[in-house]
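Protein chains: 2
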Amino acid sequence: MSDYPVTAQTRLRRMPERGQYDQATVHAILDAGTVAHVGVLIDGAPVVIPTAYWRVGEDVLVHAARATRFARALRSGQRASLTVTLLDGWVLARSGFNHSVNYRSVMLFAVPEEVEDAESKNRLLDALIERIVPGRAALVRPATAKELAATAVFRLPLAEVSAKLRSGPPKDDEADLDWPVWAGVIPLALTAAAAQPDPRQSAGLPGRPPL
Amino acid sequence: MSDYPVTAQTRLRRMPERGQYDQATVHAILDAGTVAHVGVLIDGAPVVIPTAYWRVGEDVLVHAARATRFARALRSGQRASLTVTLLDGWVLARSGFNHSVNYRSVMLFAVPEEVEDAESKNRLLDALIERIVPGRAALVRPATAKELAATAVFRLPLAEVSAKLRSGPPKDDEADLDWPVWAGVIPLALTAAAAQPDPRQSAGLPGRPPL
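Chains as they are written, first to last, in the working numbering: chain A, 1 to 211; chain B, 1 to 211.
This is chain A alone, in the form it adopts within the complex (with noise of 0.2 Å):
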């Protein structure tokens, strides 16, 4: 897989050994990630809005119900800024300006582009219910038009992109490599628990998450 241009927003100044700007890196954060923390411009001052995203190809996608502030800063053709963040770890070293945190994380900057199309939405929207159960698009009440007239689906092209990742033990100054502290990491992961089901169904219902 090839690598993403590095532009001026997305060259890495500080710690640039932790920039990562090719493909498969940058779709593999994406694809593990859960929520996206999403900038844009209201008012003229940035707001950052958390939401679910998914990946189809070289586009990330977010929704929004039609109307709201999101969905019209979203639409106004002013570049946004969409981060992913995966917090791997904290980084305990001896001093506590060497302290760190592990993580990968993914920054996309894009105008984002409105899908209009009430057959590539719903196309577009199953992909994100089979990225949380595959194989569960099929089995829910389709979507009305209505529902996906009321439903306004971005597109944010992955071409001005980078990812950020750091790992592994603290880096302490050689000097401090004997204080008496205990150094290391806390490894930290978001994990799913066994799924708890509405209790307004019937037993053995297909569509249920594999844990």
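Keep in mind that the hints were calculated from the coordinates and are not lab data. None of the values given here were measured: they were computed from a predicted structure. Treat the hints with care, since some could be wrong.
The list treats identical chains as one, so a pair stands whether inside a single copy or across any two.
As a list, the in silico DMTMM-like pairs of lysine to aspartate or glutamate whose alpha-carbon atoms are at most 25 Å apart [unchecked claim]:
| # | residue 1 | residue 2 |
| --- | --- | --- |
| 1 | 146 | 113 |
| 2 | 171 | 147 |
| 3 | 146 | 116 |
Dock chain B against chain A, hints included.
Just chain B, lined up with the frame of chain A:
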């Protein structure tokens, strides 16, 4: 505890029943979260930056290397937006349209104020370490004047702030309740695994995380 005032920016328009403006709820979400996403203007466009954060009283604190674009944007005098999101679960309804997410989030707007004085910075940075492992700040090698000078610390006062939450099972249309698909919640939580000691240390040092 009292409520934060509802302003034009913080008033929830979409699903206002999910909004909370009380101190206890806002504090609890901020104290349970790990990473904030901060929206700043860089060259006139929003950029969303993931960062560690912490709360001390009625301030949220973030830090940055002194000369980064992020630090310059935070000290520019422009309004920033800071969002903390805890993802609690995927909500699987009978229709795609009623699928949802269980979450707790806080959205804060403020013009960040830089903490200039080294002693205050030192004390505040200690509070970040204490948040990760209580008792650890006193054990690490103390910060040097050079390290404190290289670290910018900003306070964002909790004034214009709101919380938004969803919890519980799917809310399906009555007519969909017999649709033959499993419905319920997949609970999600950020969980810590056993701490991984840096191999370069003696056994039994203090400051180890409890897990």
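- request: Have a look at residue 171 and residue 147 and pick one of within, between, both or neither, based on CA distance no larger than 25 Å.
  value: between (52 Å within a copy, 15 Å between copies)
message: If the cut is 25 Å between Cα atoms, do residue 146 and residue 113 qualify within a copy, between copies, both or neither?
response: Within. Shortest intra-copy distance 21 Å satisfies the 25 Å Cα cut-off; inter-copy 47 Å does not.
query: Within a copy, between copies, both or neither: where do residue 146 and residue 116 come within 25 Å Cα-Cα?
result: within (14 Å within a copy, 55 Å between copies)
Of the numbered hints listed earlier, not one is contradicted by the structure.
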